[in-house]
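Going down the list, the sequences are from chains Z and C.
The numbering of the first sequence is UniProt numbering, which starts it at 1 and goes up by one.
The numbering of the second sequence is UniProt numbering, which starts it at 1 and goes up by one.
Calculated from the structure, these hints are not laboratory results.
Beta-carbon label-pair distances, calculated as ranges:
#, chain 1, residue 1, chain 2, residue 2, range
1, Z, 260, C, 193, 25 to 31 Å
2, Z, 255, C, 66, 32 to 38 Å
3, C, 221, Z, 317, 17 to 23 Å
4, C, 181, Z, 255, 33 to 39 Å
5, Z, 280, C, 66, 26 to 32 Å
6, Z, 255, C, 221, 46 to 52 Å
7, C, 67, Z, 192, 27 to 33 Å
8, Z, 267, C, 68, 24 to 30 Å
9, Z, 220, C, 20, 33 to 39 Å
Backbone N, C-alpha and C define an ideal beta-carbon position, used for all residues, glycine too.
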Amino acid sequence: MALLVAIALFLAQAINFTLVLRDRANFRLAQATRPVATRIVDALEREQAGRTLSPDRGRVRRVAANPIPSDLPRHPEVSSELREQLSELGLRVGRIDTGLQPAPLHPDERDLRLGRDGQSLLIAVEQPGRGWLSVVAPWPGGGGYIFWRLFAQTLILYIVMLAAVLWIARRISRPLRALASAAHDFDPSVSPTPIVEHGPSDVRAVTAAFNGLRLRVTAMLDEKDRMLGAIGHDLRTPLAALRVRIESVEDEQDRARMVDTIAEMNRTLDDILSLARLGRPSEPVTEVDLAALVDAVVEDFRDLGADVNFEEAERLRIRLRPSLIRRAIRNLIENAIKYADGAEVTLRPGPELIVISVADRGPGIPAERLADVFAPFTRLETSRNRDTGGIGLGLALARAIVEEAGGQIALSNRDGGGLCAEITLPRGR
Amino acid sequence: MSDVADMADIPHLLLVDDERSIREPLAQYLTKQGFRVTQVGEAEAARARLTAYAIDLVILDIMMPGEDGLSLCRHIRETSETPVILLTARSEETDRIVGLEMGADDYVVKPFSPRELAARIKVVLRRTAAGGTRQHAPDAGAYAFAGWVLKTGERALVDREGVSVALSTGEYNLLLALVQRPRQVLTRDQLLDLTQGREAAAFDRAIDNQVSRLRKKIEPDPRNPELIKTVWGGGYALSAEVTRL
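The shape of chain Z in the complex, shown without the other chains (with noise of 0.2 Å):
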C-alpha cells in the first residue's frame, strides 16, 4: 500500500517535472527567437526603406558568409523555431545556423547595462543570393542549474508530500487492521469489548457500526440462547408430567413403552437444542486423554448390557470440549447398536490425526446414500418406522461437533457388510 502510493506519487512528479522541464526550454527558446524573427523582419524593412545594413554596426548585421566560427556549439532547435516564425512573419530563408560564444570573462560596463553579461546566441540567417543576416540574442544560460533547481524542488515536494500520504495512510490503515482482525476473530460466545474508535472520521465511524453489529449479532444469539432454553423448558415439564404420570400406569409392558417414547423425544429435543447451540459452545476446551474418553463412553454402553468392543489404547492426550466429543462419539454407537446390535470401535492415534472408527455388521447404507444422511432429520427408507428409526440428528449432531473441533466425519460401507463411521481429528489443536 505504502509502496503503491509512493509509486505513483513519484510518477505524478516524474511527469509534472518532465511537463515544467519542457516548459522552461520552450519558454527560453520563444523567448531567444521571438525578439530575432522581430528584428530581422524589421531591419529588413528599414533595408526597403533605403537603410543599408551595416555589416559591424546595429543589431542586425549584414555579412557576406556565415560569420558563426565553426568550433561554437549549435543549437539547431533555435534553427528551425526560428525558421518557422519568420516564415509566419512571411519571410523565407535559406539555412540558418546558431553559435553559442561563452561569456565574456572580463564583462565590461556597457556589457553589464545591457544584461549581456551571460552566455549570448549568435544567430546568422542566409538570404540566398544576399548574403546572411547576423544577429546577437541574449541566451539564458544555466541549463543545468535550473534542471538541478527543479530537480531539488520536486524531490523535496516528492519527500513532504509522500510523508504526509504515508502518515494519513497509517492513521487509516492502523485502525482498519484492528477492524479486520476483530471481525475475523468474532467469537459469539465471548461477550464483546468494543473497539477503540480512532483514526480519521469515517474510519471512526466503520469502527463504530462495527462495534454496533457486533452488540446486535452477540444480543441476538444471547436472545435465541434464551429463546432455546424457554422452548426447552416448556417442552420437558408436560414431558416431564407425562413420565411421572406414567408411572400409575398398570400395564408393564405399556408402561416400558411410554417410558421409552418419552425418552426419545427428550433426546431428540436435546439434539435439537445441541445443535442450534453449537455455534456458541458453553463447554471450554480442555486437555484431556482421549483413549480413556472413548473408553468412557463405550464402557457406558456396555453397562447397559450393550455389545460394544474397544480395544484399550495407550494414552492420548488432545485439546478437545469433552463431553460434546463424548456425545459425538455416542451418537455413532447409538446408531450401531440400533442397526446392527453393536459396535467395534477402535482408536487409531497417527502423526497428525487421529482416527476413531465405529463399524458395525449391520445392514449399512446404499453408496449413493451416504452423504444424505447427516442431513438434518433424513431418513432412509429402511428406517421409516420408529422401532429403527431416529437416525434424524443422531448423525448431523456427531458431524457438527466434530467439524467444530476442526476434524471430519466419514461414513462408508465395509467389506463383507456393514457400515463404518470415522471420526478424524487434528492432533495438534
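Following the hints, complete the assembly by docking chain C onto the known chain Z.
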C-alpha cells in the same frame, strides 16, 4: 396416618414446583411410595411451610416464576440443615454446578423417572440420617488424592499435568464413594448401595469389574494396586490421603 407416632417415622417431603401438572401426580406417586408430601407452587409458600413443619427433605424446581429455586435453595442452606434435591429442566453443566454450589444435595433432570427420584430421596435421607449432622454439599467441589483431582461438578478426573481422564458413569460413582470415605473398608454390598442411587447404569455391573477398570486408569501399576486396596474377606478401601478442595 392418624397416629402421631407413625407420622414421625414417615419422612416429610416438601415439594416445590410451580407446574401443577408435575407437582400433583408426583406428590401422589411419592405418597404411594411411603412419604408424607406437602406440595406448594411458589417459594413464598415454601418458606412458610419450612417454618411450620419439620421438613425432612425439600424437592425444589429450579425454574419458577418469582423467586427461583436456586435462591430458595440458598435460603434453606443458610437457615437449616434440611437436604435439598433440585429438579432442573436443563442438563447443562452450569446448572448442575451452580445448583450443587448452592448447597443442593442432588439433582434430577426433567423428564426424570419418579422411581429414580424416590431412590435418590432415600439415599439422601439415609446419608443425612447416618451422618447425624449433614455433610455440607457432599457433591460439590473437588477431592485431591495421590496426585489426582476428582472434580464432582464436571465429573472429571484430572491428573498432575492437568489432563482430564474420562470415567464411565459406573467408574465415577465408585470413585466418588471411595474418595468420600478414605481409609474405610467398604464391602461390595456397601459399594453397590452407595453407587446405585445415582444412575441406573451401575446396577448390574459387578463392583469387582469396576474396581479393576478404575485401577487401570489411576494406579501407577494396576497389577500391584496401591491406591484402591483389596481388603481380604472384606471389600475395598482407598489408601490415599484425600483433601477436600
